[in-house]
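J.: Each chain is listed here by its residues.
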Amino acid sequence: MKKNNFLHKHQKTLAPLLSLVLIILVTASITPGFLSIKIVDGHLFGSLLDILHRATPTALVALGMAVVIGTRGIDLSVGAVIAISGAVTAVLTVNTDFPVWLVVLCALGTGVVCGLWNGILVSVFNIQPIVATLILMVAGRGIAQMITEGQIVTFHSDVLDAIGNGYFLAFPIRVWIAIGMIVLTVLVMRKTALGLFIEAVGANVRASRLVGIEARLLVLSAYVFSGFCAAMSGIILAADIRGADANNAGLWLELDAILAVVLAGASLAGGRIYLLLTIVGVLIIQTLTTAILTSGLPAQYNLVVKATIILAVLLIQSPKTRQWLSGFFSKNKNAGKSSAGEASTDKRSAKP
Amino acid sequence: MQSLSVRSSLPWLGAFKRKAVLTTFSVLLPVLSASAMAADLTIGFSQIGSESGWRTSETESIKAEAERRGYDLKFSDAQQKQENQIKAVRSFIAQGVDGILLAPVVETGWDQVLKEAQRAKIPVVLIDRGVAADPSLYLTKVASDFKEEGSLAASWLAAKTNGRCNIVELQGSVGSSAAIDRKTGFDSIISNFPNMTIIRSQSGSFTRAGGKEVMESFLKAEGGAKNICALFAHNDDMALGAILAMKEAGVKPTKDILVVSIDAVPDIFKAMADGEANATIELNPHLGGPAFDAILASKKGTKVDKWIKANGPLYLPDTAAAEYAKRK
Numbered sequence: 001m002k003k004n005n006f007l008h009k010h011q012k013t014l015a016p017l018l019s020l021v022l023i024i025l026v027t028a029s030i031t032p033g034f035l036s037i038k039i040v041d042g043h044l045f046g047s048l049l050d051i052l053h054r055a056t057p058t059a060l061v062a063l064g065m066a067v068v069i070g071t072r073g074i075d076l077s078v079g080a081v082i083a084i085s086g087a088v089t090a091v092l093t094v095n096t097d098f099p100v101w102l103v104v105l106c107a108l109g110t111g112v113v114c115g116l117w118n119g120i121l122v123s124v125f126n127i128q129p130i131v132a133t134l135i136l137m138v139a140g141r142g143i144a145q146m147i148t149e150g151q152i153v154t155f156h157s158d159v160l161d162a163i164g165n166g167y168f169l170a171f172p173i174r175v176w177i178a179i180g181m182i183v184l185t186v187l188v189m190r191k192t193a194l195g196l197f198i199e200a201v202g203a204n205v206r207a208s209r210l211v212g213i214e215a216r217l218l219v220l221s222a223y224v225f226s227g228f229c230a231a232m233s234g235i236i237l238a239a240d241i242r243g244a245d246a247n248n249a250g251l252w253l254e255l256d257a258i259l260a261v262v263l264a265g266a267s268l269a270g271g272r273i274y275l276l277l278t279i280v281g282v283l284i285i286q287t288l289t290t291a292i293l294t295s296g297l298p299a300q301y302n303l304v305v306k307a308t309i310i311l312a313v314l315l316i317q318s319p320k321t322r323q324w325l326s327g328f329f330s331k332n333k334n335a336g337k338s339s340a341g342e343a344s345t346d347k348r349s350a351k352p
Numbered sequence: 001m002q003s004l005s006v007r008s009s010l011p012w013l014g015a016f017k018r019k020a021v022l023t024t025f026s027v028l029l030p031v032l033s034a035s036a037m038a039a040d041l042t043i044g045f046s047q048i049g050s051e052s053g054w055r056t057s058e059t060e061s062i063k064a065e066a067e068r069r070g071y072d073l074k075f076s077d078a079q080q081k082q083e084n085q086i087k088a089v090r091s092f093i094a095q096g097v098d099g100i101l102l103a104p105v106v107e108t109g110w111d112q113v114l115k116e117a118q119r120a121k122i123p124v125v126l127i128d129r130g131v132a133a134d135p136s137l138y139l140t141k142v143a144s145d146f147k148e149e150g151s152l153a154a155s156w157l158a159a160k161t162n163g164r165c166n167i168v169e170l171q172g173s174v175g176s177s178a179a180i181d182r183k184t185g186f187d188s189i190i191s192n193f194p195n196m197t198i199i200r201s202q203s204g205s206f207t208r209a210g211g212k213e214v215m216e217s218f219l220k221a222e223g224g225a226k227n228i229c230a231l232f233a234h235n236d237d238m239a240l241g242a243i244l245a246m247k248e249a250g251v252k253p254t255k256d257i258l259v260v261s262i263d264a265v266p267d268i269f270k271a272m273a274d275g276e277a278n279a280t281i282e283l284n285p286h287l288g289g290p291a292f293d294a295i296l297a298s299k300k301g302t303k304v305d306k307w308i309k310a311n312g313p314l315y316l317p318d319t320a321a322a323e324y325a326k327r328k
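In the order they appear, the protein sequences are chains A and B.
Quick note: the first sequence, position 131, residue 131 per full-length UniProt numbering, numbers continuous.
Quick note: the second sequence, position 241, residue 241 per full-length UniProt numbering, numbers continuous.
Here chain A stands alone, though its shape is the one from the complex:
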């Protein structure tokens, strides 16, 4: 019975984690060598490493997205912000003598400005988030194209190369960067009252204002954070291919980020944030992509297979399915004991 309780308590956490493990195991059985990790040139090498490596840009964006969604918002512009910050990185590296730290600072600054723009539209002008950020989603790519003059601007910089593809202590540097950001965000959101405030604003703006929370500023800073994360991701993506591709960098990444947040069990209606589970969601999406690429599946099936598996994961997570599953388990294990009460206990578990 104790074990069953544990399962119930952590169902929300377990579902995405188990899905991830399952996907990895199934892929490993189809593609031999998928799990193998070797040491090449003093760093780890293998498909699992590729997944971590490739997941970092999405993970950073999803982190910002999770916070924005927590405030009952959404940020559709992250893909465009990635293109802009990548373009700024490339153009400044090629056309100026700026040291790398200044280039990176400028690119991050552009992300912050983009976030500020979104945040002001949403929190000061009260424009619906989906509409407010749609503006930058459409215009942002155009801005990036203006910066790069429509060309792919290639650059060379040892520091940026390291950010894109370097290794530190056997792991890719960009993975360390992402881990740093994740730890920092989790600490700020869970060890200070900020996370609670943001969730409160997402759950009920009016009530949180009445208890004295500065809702406007919180929403604004959520978008700024998202813009900052997207800019980081943009720098990494540009460093990865040593060039800024304004047309394609970060294209549709906003959708992957939203999907990851949702896979983590967050509600688009706001008020709930699961930061670590969001990262698990990102890993699920990236594992699928890498698995499909290594499996030798014909290209035209990629999207359908990906969608089907994502659908399955979402179905497993839906409260209805879980209720049904837990009912099924309780009936089997201790016949007749009502599970209705237990099934509704997982309303709000404030964990990362």
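In case anyone wonders, no lab produced these hints; they're calculated from the structure.
A quick note: this is a predicted structure, and the numbers were derived from the prediction, not measured.
Every residue gets a Cβ at the ideal spot worked out from N, C-alpha and C, and that includes glycine.
Careful: at least some of the hints might be erroneous.
Claimed, not checked - Which stretches of chain B does chain A cover? Using the computed rule of at least three CB atoms under 8 Å from a CB of chain A, they are:
#, region
1, 49-58
2, 171-182
3, 198-206
4, 209-215
5, 241-248
Guided by the hints, dock chain B onto chain A, whose structure is given.
T.: Frame of chain A, contents of chain B only:
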């Protein structure tokens, strides 16, 4: 030739009057050479936009060719919108141009405006893409044959490897005509060589990031480069991404894996000059010459083919440095 100098001293009379003068002279002097007559053609050119470096160089090449021939080129940038292109073609018809070049942004929806041009007896030449309309509605299409590009890549590879090669393929965006036809053309050649096989084929969506990610997965799935003899990428950008992936996995492009791709963007010449790519086939942007020739031919009443294939050459590393300097 005195008549010509008279004519050129009256530019302020505008295109219409100059044309009228020319017509008079050409009636009076039927021996006037074709090039002198051509000197006064007015051509309308409706371009899709400037979404890629290739399209920009196509626009510039056509403008330069018109200038070289002394044509009056009326250029219109549609910014990716068909309605803008239709408007542009209608305004060309209203201005009574001698011919229209049209790079159609989409395949369908052109019948009406093409009929209007036909009624005005203005030949329309499609540039670099086709339309889904009755071929009698336009004079000709000047475009590369994607299948031939694929075949050329395969032929080069077959010659280079004596028909013995395990190939990994980076496809373009799924469903795009460039991806489908380049694959078909490539397959049609290697099917003649029993020891040439495509061992892995995936879409890299025509992007650098896509090419890099897919190549990484190929190298993992094949356990390194030992089983891979060549990479065929449907465009240069994917090849450039794949080259990065190879280098990061400790694989030497061109030595461990041959690299052949299509488009001839400037950066691939740099890669070839650096010994990281083997061959590229140009997606020819110089379509102005054949298009103008077709309009001239139709004015003279000569029959013109419905598809003028303007395929570019295959470039090898020996000329890469010079080509890169030229294109940069």
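J.: Decide, hint by hint, whether the structure agrees.
T.: To see whether the hints hold, each was checked on the structure:
1. Counting residues of the region 49-58 of chain B whose beta carbon lies closer than 8 Å to any beta carbon of chain A gives 5, which meets the minimum of three for the stated coverage.
2. Under the rule that three or more residues need a Cβ within less than 8 Å of chain A, the assignment of the region 171-182 of chain B holds, with 3 such residues.
3. For the region 198-206 of chain B, the stated coverage by chain A holds: 5 residues have a C-beta nearer than 8 Å to a C-beta of that chain, and at least 3 were required.
4. A stretch counts as covered by a chain when three or more of its residues have a beta carbon under 8 Å from one of that chain; for the region 209-215 of chain B and chain A the count is 5, and the coverage holds.
5. Counting residues of the region 241-248 of chain B whose CB lies closer than 8 Å to any CB of chain A gives 3, so the stated coverage by that chain holds, three being the minimum.
Checked against the numbered hints given earlier, the structure satisfies every one of them.
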